[in-house]
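Read off the chains here:
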Amino acid sequence: MLAWAIYISFAGALVSVLLPKDKPALARRWALAVAVAGLVIAIAGYAGGFGQGREVIVDALWVPSMGIHYMLAADGISRVLVLLTGIASVAGVLFSWNVELRTNQFFALYLALIGGVYGVFLSFDFFLLFFFYEIAIVPKYFLISIWGSTRREYGAMKLALYSFVGSAMVLIGLLAAYATAGSHSTALIDLAHAGLPVSFQMWCFPLVFVGFAILAGMWPFHTWAPTGHVAAPTAASMLLAGVVMKLGAYGCLRVAMGLFPHGLDPWGFSFIGIGSWRDVFAWLAVIGIVYGALVALAQTDFKFVIGYSSVSHMGFVLLGLMTLNQIGLDGAVLQMFSHGVIAGLLFAIVGRIVYDRTHTRQFAELETMHLSRRLPFAAWAFVVAGIASMGLPGFSGFVAELQVLVGSWRANPWWTVVAGVGIIVGVAYIWRALQKAFFTDALPTPHELESEEEHKFAPICWSEMAGVALLLASTLVVGIYPRILLDQIEPAVKALLAGGMQ
Amino acid sequence: MNYINLFRSTLPETALEIAALLVLFVDLGFLRKAARATRIAVAAVLGIAGCLAALWAVSIAGPFSAGNDLLLSAGGSAGVAQVAVLALTALTLLLLIDSDFTRNPGEYVAVVLMAAAGGLLISAAQDLLVIFAGLELLSLSLYILTAFAKQSGKSAESAIKYYVFGAMSAAFLLFGFSYLYGLTGSTNLHEIALAAAVGRAASATPLLYIALVMVAVGLGFKVAAVPFHLWAPDTYEGAPAPAAAFIASVSKVASFALLVGIGTAFFHVFDNLHRGVLFVRFGFPTRYLGLLAPWELILTVLAVASMIFGNLAALAQSSVRRLLAYSAIAHAGYILLGLAFFSWTNVSAQAVLYYIVTHGLTTIGAFGVVGVVERAVGSDRLEAFLGLQKRNPLLAAVMLVLFLSLAGIPPLVGFWAKFNLFAAVLRTSGGALPFTLVALAVLFSAVSLYYYLQVLKRVYVMPATDESPITARPVTVAVLVLITAAVVVLGCFPALLQSWIASFYPHP
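Residue numbers (numbering that gives the first Met the number 0), protein chains in the order written: chain A, 0 to 501; chain B, 0 to 507.
One should not assume that every hint holds.
Unchecked claim - Pairs of lysine-lysine residues, derived as BS3-like cross-links and limited to a Cα-Cα distance of at most 25 angstroms, are as follows:
no., chain 1, residue 1, chain 2, residue 2
1, B, 149, B, 160
2, A, 20, B, 456
3, A, 20, B, 389
4, B, 456, A, 157
5, B, 149, B, 32
Said to hold, decoys possible - To give an idea of the interface, some chain A residues facing chain B are shown, with a C-beta separation under 10 angstroms as derived from the structure:
no., residue
6, 64
7, 131
8, 132
9, 175
Just so you know, these hints were derived from the structure itself, not from any lab. Don't be surprised by glycine CBs; every beta carbon is placed ideally from N, CA and C.
Can you make the complete structure from the sequences, with help from the hints?
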């Protein structure tokens, strides 16, 4: 059932290429229909998955000579992330309603990217997962370089190369694991059962983990993220921050930690308190949280603030993974969902609702525009989204980050202390952005009022409202009733902790 | 010597030679006054018919021995490579139909067919003399093909460069062969390997090393491995597009098939011996000194140099043909890696064959697109491809698929070729060195994405300076679509080609 989300997306992409060029409206409607179909499947799959554990969807031998399986399966973690992808893809189409340039190509690449993302989340064969993971790289490059803004070719190439280097590291690890295991299967479950030697896991784990973590925006390999997000068109930055970064985090969890659980074991010696790869990556995650937040505080470009905030929030995901306890991992997966929705919303407001009307993202210029009065919808949507991003109770971010912090306290209190600083700075940069962009103190001069009358902003259209409503509703529902996701996440995490991928 | 047997095992070559003569005869005898397009079409169709006849002949040709020495093998890597050589030759002839660089299509097709016959010979050759004769037949034909655009100064220049390098490397090769013969007293690959391992040549190692290095110079030239690659960029740039496609695909396939044949012969040196004797004398026969260790070392050095230099040099190119040349050098590096860590079983041979066949196919398509663009714009600079997606969306899509396949992006066939090859290396030999080299190769293929994207960026992203449509002629379009479809389908169902290649090997 869930597998159809993949097929529909790719088929939709193919049809979209073939649609007539001069009918953007048709391409839009088609893309929306495909994305909604994907979301419906995701919801149905999610709803049908309560109490199911891991269910295999397809398992066929794909390349018999190498034991590669076409194996799609879903457990609670996959289902949550597929649901996120469905939501983000519909919202992305809604916020791309005003794309007029080469519309059919835009949506073709967009849907191909979505298809690749669905594929990664559902693959239970190491090789298949990598296959979909790489498919997702190329559409990103073209989406950014053709439809992007600010230094788009630079941003796009940087992102493509970072992703490709990351996936090269993963591929090396994969090949090594495959050769070392000597098994004739690349299914994750079979490889996990292969009993890879601990010494092998010790060096293969960091290789694969870092390979995936590059895409998850782990400090110090995060620099593609802000430039890529800023350069990308709105829908692409929503997807990048919303789901593509989750691909990285998901790979870290499912592949690196699932296949090489002993890679996290202590080294047997410690150096300035760091005695295992777990400590190394946890501290990198913590640094990412604080660093991302501090840099976000200093930006003059509205979108860069959100770009760096993504680095900070993804730090929580990685920190949650490194806690290695139930509550921390629950929080990490929940944070993937939560950040996917909230970052999507923030990027939508900045990139679509504000930028497409004001044509600037510089705070200095936005300050003179009095947006709270002229775009009240944007201002209030950003207030709510900002509150969600700060992690206030009632929104999904609160539940997620709280669990991560509790988990990390149990693992190492110092991580929590430093990460807590990141949360406080997080409040500050959202507050600053809010004030600078929307609620300036300066009163409009009569001259400004006149010009405002002349250049009225286009009214908020239905697609924007629908997109904001969808994303806000998602974060609120999860914030108020987190069990709706946790009921599926918890058993999956428990199984993963109990025996790796086994 | 049994001439009936010889005739039977050289039936494919014979078919090609007859077709070549027929093409000349028809073209010069009947069509001298006909329009050029007709002459080209007739010559190409006759050539393709020759290839098809040879394809049929490959299936019935058997191995050929003179006395105890195997001269030509059949089946296995030879069979795969011969089919590939003929199919790729037919594709490049199809590309000829829509081109107009020559007024002598009969001669062109005849030379192509003779080159293909040389390719067939070296794919199957098991004897130094046959190897040398086949290589010379192939190389001499290629020099002529490179120079075939007589109106173009570049074509003549590149042919001279190619010829000078080629002649020199042939001299090295022959020199190496003479040492091998002098040391071992045989021209047969198996005999040479055996003598080097256990026989009279086993003590003459330094001379043997010199001989192998000389041989590597000659063969390294054919596959354009660094540092014997200097001809490649110039030839790829100067040769007429169908000829460049031929050099980049057919000649490469045949030369790598020769390397596979040599590797297999070196490895299966003990096959004819009684196993019991073997175990008494050597223990387990997976590794032995003699030819294998120095040969692997030489190939490793060439592989690493080619990967690094090819990829880095490609970054700086502004001509798409030169870019393809350097990328082909880089790909040769990956393949040489697979040959350097060769396997006792057929895993490595099959992986290498998979790689060269798919790479040849992709390259022909790439040169097809370059040829069309060149004819419309008059240049193969990167700028010539600006806005191609607007000028001809189909060509742009073909370009996208082929270049991404070269970069190794799934779900295209180039990805599987790489994966297959690297997996074969790691499965063959564990240890730090092969792992490091594979890691290097994978990282350099990440580098390669940059220059492939530089071309695709011109095609899809940057605005066109000239938006007039580019039209491609129907046959070319059909060939390009066929190749693109093959790249996608084989990429989605990699087992198809794998099992086809495996079907040439006897079942274990």
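For each hint, the structure was consulted:
1. A hinted pair counts as satisfied when its Cα atoms are at most 25 angstroms apart, and residue 149 of chain B with residue 160 of chain B qualifies at roughly 16 angstroms.
2. The hinted pair formed by residue 20 of chain A and residue 456 of chain B meets the criterion: a straight-line CA distance of about 20 angstroms does not exceed 25 angstroms.
3. Between residue 20 of chain A and residue 389 of chain B, the direct Cα distance comes to roughly 11 angstroms. Compliance with the 25 angstroms bound is thereby established for this hinted pair.
4. Of the supplied pair hints, the one linking residue 456 of chain B and residue 157 of chain A holds, its CA atoms being roughly 14 angstroms apart against a limit of 25 angstroms.
5. With a CA separation close to 20 angstroms, the supplied pair residue 149 of chain B and residue 32 of chain B stays within the 25 angstroms bound.
6. Annotation: residue 64 of chain A was flagged as interfacial toward chain B, and the flag holds, the nearest CB pair being 5 angstroms apart, inside 10 angstroms.
7. For residue 131 of chain A, the suggested interface contact is upheld, since its CB lies about 8 angstroms from the closest CB of chain B, less than 10 angstroms.
8. The criterion of a C-beta within 10 angstroms of any C-beta in chain B is met by residue 132 of chain A, whose closest approach is roughly 9 angstroms, and the hint holds.
9. With its C-beta approaching chain B no nearer than about 6 angstroms, residue 175 of chain A sits inside the 10 angstroms limit, and its interface hint holds.
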